Amino acid sequence: MPEYSIKGGEQGAKRLDILFNTLEGSTNEFLNRAELNQGIHCLDLGCGNGGVSFLLADLTGSEGQVLGLDIDQKNIQIANETASKKNIENISFQRFDAYELDNNNEYDLVYSRFLLSHLASPETVLNRIFDSLKTGGTILVEDTDFTGHFCYPNSAHFDQYVSLYQKLLKIRGGNANRGQELVGMLEKAGFTDIEFTISQPAHTSGNGKLMAEITFEAVFQSLIDEQLIDKKEFSEIHKGLIEFRKREDTLMSLPRIFQVKARRE
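In terms of my numbering, the sequence shown is numbered consecutively and its last residue is 265.
For the record, the hints were derived by calculation from the structure and aren't laboratory data.
Be aware that a few hints might be false.
Straight-line Cα separation of at most 27 angstroms, DSS-like style, residue types lysine-lysine; simulated pairs [what the hints assert, rightly or not]:
1. LYS232 - LYS134
2. LYS232 - LYS170
3. LYS170 - LYS14
4. LYS85 - LYS167
5. LYS85 - LYS74
6. LYS246 - LYS14
7. LYS7 - LYS170
8. LYS231 - LYS7
9. LYS188 - LYS239
10. LYS85 - LYS14
11. LYS14 - LYS239
12. LYS261 - LYS188
13. LYS261 - LYS85
14. LYS7 - LYS74
15. LYS232 - LYS7
16. LYS188 - LYS7
17. LYS74 - LYS246
18. LYS246 - LYS261
19. LYS134 - LYS14
20. LYS7 - LYS85
21. LYS170 - LYS85
22. LYS188 - LYS170
23. LYS134 - LYS167
24. LYS231 - LYS167
25. LYS74 - LYS170
26. LYS246 - LYS231
27. LYS86 - LYS170
28. LYS86 - LYS167
29. LYS170 - LYS246
30. LYS7 - LYS167
31. LYS188 - LYS14
32. LYS188 - LYS134
Computed from a predicted structure; not experimentally measured.
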């Protein structure tokens with residue numbers, strides 16, 4: 001999956017921990033609204049280091065089964081180590097490319113967060129997800145809308161970060177505003193009973209205010225590779241994000257997040 005723009009490995013895993021902790025409440029509410037049954041077979045596609053996979057394992061109970069798949073081997077290593085330390089037996093993780101999904105009629109639920117926005121061919125993956133679900137199975141998707149990313153008061157450095165991230169994903173074939181497209185994409189893939197909600201996380205303190213600067217750090221090399229920025233410009237924007245975050249009078253959002261539920265008939 002060469003189009004993925006955010007740095008993985010150890011640095012990426014630390015960012016994912018902060019992201020999970022920041023969004024755990026919102027994602028947990030989304031999962032609870034789906035009213036998942038105990039004992040179901042779940043797939044977390046693009047699972048990162050397993051944060052949401054473990055939520056699913058808890059919700060589905062000891063008779064359920066959760067498989068987490070991710071392209072980053074470091075994420076898979078961390079997830080497997082966590083499962084082992086916590087002695088969670090109804091979960092497993094494997095390194096896997098989402099484009100290669102070919103499990104037909106296997107899952108009761110497929111969940112995916114912040115994956116489709118990075119893909120040049122998200123339709124292919126949605127079609128494969130559709131085929132992988134059992135009849136009556138459910139898909140739960142969360143993805144970003146960077147046009148809903150804001151801060152207060154206005155910050156030129158924050159706006160530059162938001163703009164550069166959108167440009168980067170577009171060059172790589174993705175779309176940082178994929179959340180807006182999810183309902184239509186799911187309809188086209190054959191899903192029915194489509195419902196959506198919007199989550200808009202914003203913070204005046206805590207880890208939520210870190211997300212802009214650490215995401216900017218994580219796309220640094222990709223921005224350089226695509227010649228969207230040079231090292232001096234990066235340093236200026238990065239410094240500005242840190243200074244803005246440290247101010248007690250500032251509010252910083254995450255991107256607007258579309259949370260979409262649908263079913264395979």
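Evaluation of the provided hints:
1. The straight-line distance between the Cα atoms of LYS232 and LYS134 is roughly 52 angstroms, outside the 27 angstroms bound, and the hint therefore fails.
2. Distance restraint check for LYS232 and LYS170: the Cα-Cα separation of roughly 23 angstroms lies within the 27 angstroms cut-off, and the hinted pair is therefore satisfied.
3. As the CA atoms of LYS170 and LYS14 are separated by approximately 25 angstroms, the hinted pair is consistent with the 27 angstroms bound.
4. A C-alpha spacing of about 40 angstroms is found between LYS85 and LYS167, which places the hinted pair above 27 angstroms, so the restraint is violated.
5. Taking the CA atoms of LYS85 and LYS74, the gap is about 16 angstroms. The hint holds against a cut of 27 angstroms.
6. For the suggested pair LYS246 and LYS14, the alpha carbons sit about 20 angstroms apart, so the restraint of at most 27 angstroms is met.
7. The hinted pair formed by LYS7 and LYS170 meets the criterion: a straight-line CA distance of about 17 angstroms does not exceed 27 angstroms.
8. For the given pair, LYS231 sits about 16 angstroms from LYS7 by alpha-carbon distance, which is consistent with the 27 angstroms threshold.
9. Only pairs whose Cα atoms come within 27 angstroms are accepted, and LYS188 paired with LYS239 is rejected, the gap being roughly 43 angstroms.
10. With a C-alpha separation of about 18 angstroms, the suggested pairing of LYS85 with LYS14 holds against the 27 angstroms cut-off.
11. Between LYS14 and LYS239 the CA atoms are separated by roughly 20 angstroms; this keeps the pair inside 27 angstroms, and the hint holds.
12. Distance restraint check for LYS261 and LYS188: the Cα-Cα separation of roughly 14 angstroms lies within the 27 angstroms cut-off, and the hinted pair is therefore satisfied.
13. With a CA separation close to 32 angstroms, the supplied pair LYS261 and LYS85 exceeds the 27 angstroms bound.
14. For the suggested pair LYS7 and LYS74, the alpha carbons sit about 11 angstroms apart, so the restraint of at most 27 angstroms is met.
15. Only pairs whose Cα atoms come within 27 angstroms are accepted, and LYS232 paired with LYS7 is accepted, the gap being roughly 20 angstroms.
16. For the given pair, LYS188 sits about 31 angstroms from LYS7 by alpha-carbon distance, which is inconsistent with the 27 angstroms threshold.
17. Restraint check for LYS74 and LYS246: the C-alpha separation of about 30 angstroms exceeds 27 angstroms, so the hint is violated.
18. Using a Cα cut-off of 27 angstroms, the hinted pair LYS246 and LYS261 is violated, with the two alpha carbons roughly 37 angstroms apart.
19. Under the criterion of a C-alpha separation no larger than 27 angstroms, the hint pairing LYS134 with LYS14 is inconsistent with the structure, at around 34 angstroms.
20. A hinted pair counts as satisfied when its Cα atoms are at most 27 angstroms apart, and LYS7 with LYS85 qualifies at roughly 26 angstroms.
21. As the CA atoms of LYS170 and LYS85 are separated by approximately 39 angstroms, the hinted pair breaks the 27 angstroms bound.
22. Only pairs whose Cα atoms come within 27 angstroms are accepted, and LYS188 paired with LYS170 is accepted, the gap being roughly 22 angstroms.
23. Restraint check: the Cα-Cα separation between LYS134 and LYS167 comes to about 37 angstroms, which exceeds 27 angstroms; the hinted pair is violated.
24. Taking the CA atoms of LYS231 and LYS167, the gap is near 17 angstroms; set against the 27 angstroms cutoff, the hint holds.
25. The straight-line distance between the Cα atoms of LYS74 and LYS170 is roughly 26 angstroms, inside the 27 angstroms bound, and the hint therefore holds.
26. The hinted pair formed by LYS246 and LYS231 meets the criterion: a straight-line CA distance of about 22 angstroms does not exceed 27 angstroms.
27. Proximity of LYS86 to LYS170 is assessed by CA-CA distance (about 39 angstroms); at most 27 angstroms being required, the pair is judged violated.
28. Distance restraint check for LYS86 and LYS167: the Cα-Cα separation of roughly 40 angstroms exceeds the 27 angstroms cut-off, and the hinted pair is therefore not satisfied.
29. Between LYS170 and LYS246, the direct Cα distance comes to roughly 30 angstroms. Violation of the 27 angstroms bound is thereby established for this hinted pair.
30. Using a Cα cut-off of 27 angstroms, the hinted pair LYS7 and LYS167 holds, with the two alpha carbons roughly 17 angstroms apart.
31. Between LYS188 and LYS14 the alpha-carbon distance is near 36 angstroms, which puts this suggested pair outside the 27 angstroms criterion.
32. Restraint check for LYS188 and LYS134: the C-alpha separation of about 18 angstroms stays at or below 27 angstroms, so the hint holds.
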